[in-house]
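Kindly generate the complete structure, drawing on both the sequences and the hints.
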Amino acid sequence: MELGPEKLKDMYRRMVVIRKFEEHIYDIYTRGLMPGLAHLYIGEEAVAVGACAALRDDDFIASTHRGHGHLIAKGGRIDRMMAEVMGKVDGYCRGKGGSMHIADMSLGILGANGIVGGGLGIITGAALSARMRKTDQVALGFFGDGALNQGIFLETVNMAAIWKLPVIYLCENNQYGEYTAASKVTAGHDLCARAAAFDVPARQVDGLDILAVYEATQWAVDRARSGEGPSFLLCQTYRYRGHHVGDQNTYRTKEEIEQWMARDCIRRLASRLTAGGSASEADLRAVDEAVEAEVVAAVDFGLHSPMPDPREVVEHVFA
Amino acid sequence: MPRKLTFAQAVREAMAEEMRRDPAVFLMGEDVGGAGGVFKVTVGLLEEFGPERVRDTPIAEAGFMGLAVGAALTGMRPIVEIMFGDFITLAMDQIVNQACKLRYMSGGQARVPLTIRTTLGAGRSSAAQHSQSLHAWFAHIPGIKVAIPSTPADAKGLLKSAIRDDNVCIVFEDKMMYRLEGDVPDGDLPIPFGQADVKRPGEDVTLIATSSMVHVALKAAELLQKENISAEVIDPRTLVPLDREALVQSVRKTGRALIIDEGHQKYGVTAELAAVIQEEAFDDLDAPVARLGAADVPVPFSTALEFETIPNEARIIAAVKATWGPDGKKR
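If you read the sequences in order, they're chains F and V. The opening residue of the first sequence carries number 1 in our numbering; numbering runs sequentially from there. The opening residue of the second sequence carries number 1 in our numbering; numbering runs sequentially from there.
No lab work stands behind these hints: they were computed from the structure. We treat Cβ as the ideally placed atom computed from N, Cα and C, and that holds for glycine. Don't take every hint at face value.
Said to hold, decoys possible - Computed spacing ranges between beta-carbons, pair by pair:
1) ARG21/V with ALA290/F: 49 to 55 Å
2) PRO35/F with ALA275/V: 31 to 37 Å
3) ALA290/F with GLY50/V: 51 to 57 Å
4) LEU189/V with PRO35/F: 44 to 50 Å
To be verified - One-sided and incomplete, this derived list gives chain V residues near chain F with beta-carbon spacing under 7 Å:
5) GLU13
6) ALA62
7) GLY63
8) GLY70
9) MET76
10) MET105
11) PRO142
12) ASN167
In structure tokens, the structure reads:
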């Protein structure tokens, strides 16, 4: 499917929402307004938005500990996300999950996940369920380069392949698993070969190019929806910030970070929009400003939401 | 009209009836289809329901448990068979970190109607990796219900309840009981979780026993009767939720309690139940609560060693008598 200018501008806007959301997360975290851990998605926005643009509302995603971008891209409400990361009662999980466990079952968001590779079983099972319920829904699992070395990756891709399940395995290779370079702990120069070993078609994608991500995902979604089975996408990307807010980044150089930042995914789409005449610099600035106001309002929503009643601690263990 | 069924037949009947009743129910696991299960529990299900709903999996416990969690989250009601209870260690992340916590972590949004069936119990010369009784691990974790039936009728009724429950449930079947016969009532009769069952009424001592240990306790009770000790045998049937009231009432009546369970004794089911009794019936106790679990060693292979690790009638009788003290007098 060819992307029209309106769709492209919406994709631009969503990437900016993610960027600004994460910048505000950094701000509230460092001001002590958010407890726990904050894993920022800044730099990787094109992957989440490009992939989710190829999905339908009733399709499923599973996310990771670095999940804010995926949730926003799939349609998650940023005010309820902000409330959740602050542990407030209006949060998606009434303050019981926090940043690493936000879910919106009504949007097919089967949850961020605190375990590396934790979403792989869930998303493959959602694909099995779609098949057994005879729907044409598809399931897309985001996971990082770290999860490629978890056994569950092999186990689930194997089952998806033998049963031709409508699932897309989307690996975001942001080059680091926590503080360790993926290249140091990952064997094989061609990571797509891991999927190919199961006869699962795979594509390597420039994860900074949102159109390339969209196109590859659309290819995989088409395959899944038409019963051709699973696909694997390896998106090369980069996180600008540390593993979490507070990470001192001692394991990589400033030069390396700057090299990646020079290819920024948001600026790249902005240039394309302005060069193609779909939007002017002023149009995009207006989008940026509107998004900033929206995110500030979301922070405000979170700050003004009450803490949960302590009596809620025993609720929601069982249905 | 009750019929005589084996434990395995009762489990199979529960699954077949639930699969007929609800198209969302399906079974997956290693060799559950064509082979009918390593313990022949699932024989005939593939023929009736087909390979989509009676799904043979690769030997990948974490993987297929993970798939079941995702399927349960999105509208299906999977039953997962883990062939030997020992193999469940491979799927612990999927059960403990994912299935058991998704509802709570999502603030009540998620629903995980997943039933896990697996085995426990030594006595088959299968050694340390095919004989463990790991039910206490699951009872320790919030977010999962735990059933541990002792009879064919209970196995059928509890499994039906588990499959209909909107939560994660695990049912432990003692692999030594699959051929045990018992009366099973006709009809659609799920047994609610959280209801203990008095398997033999008595006056002088309460034997709280689980799974196959119920039968060992019943034999011991018969032998004790010959010595004029009247033992009540009570089976909690589910560890989570636990029918505390039934256990406590029995102990209030008898004043003595011995707890028998095939899990390892330390930090196990016997410890928890002993704590419940002393918390709620301390003033009614005539003797300290006694307990018998499996020996705190890995299950050995040789028959000369293996049976040393499991509670038996003689140990039960000795433990009961010990509650009267060495001189046989009331303490």
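Hints and how they fare:
| no. | hint | verdict |
| --- | --- | --- |
| 1 | ARG21/V with ALA290/F: 49 to 55 Å | holds (53 Å) |
| 2 | PRO35/F with ALA275/V: 31 to 37 Å | holds (33 Å) |
| 3 | ALA290/F with GLY50/V: 51 to 57 Å | holds (54 Å) |
| 4 | LEU189/V with PRO35/F: 44 to 50 Å | holds (49 Å) |
| 5 | GLU13 | violated (23 Å) |
| 6 | ALA62 | holds (5 Å) |
| 7 | GLY63 | holds (3 Å) |
| 8 | GLY70 | holds (2 Å) |
| 9 | MET76 | holds (5 Å) |
| 10 | MET105 | holds (4 Å) |
| 11 | PRO142 | holds (5 Å) |
| 12 | ASN167 | holds (5 Å) |
In this structure, only the earlier hint numbered 5 is contradicted, and the remaining ones agree with it.
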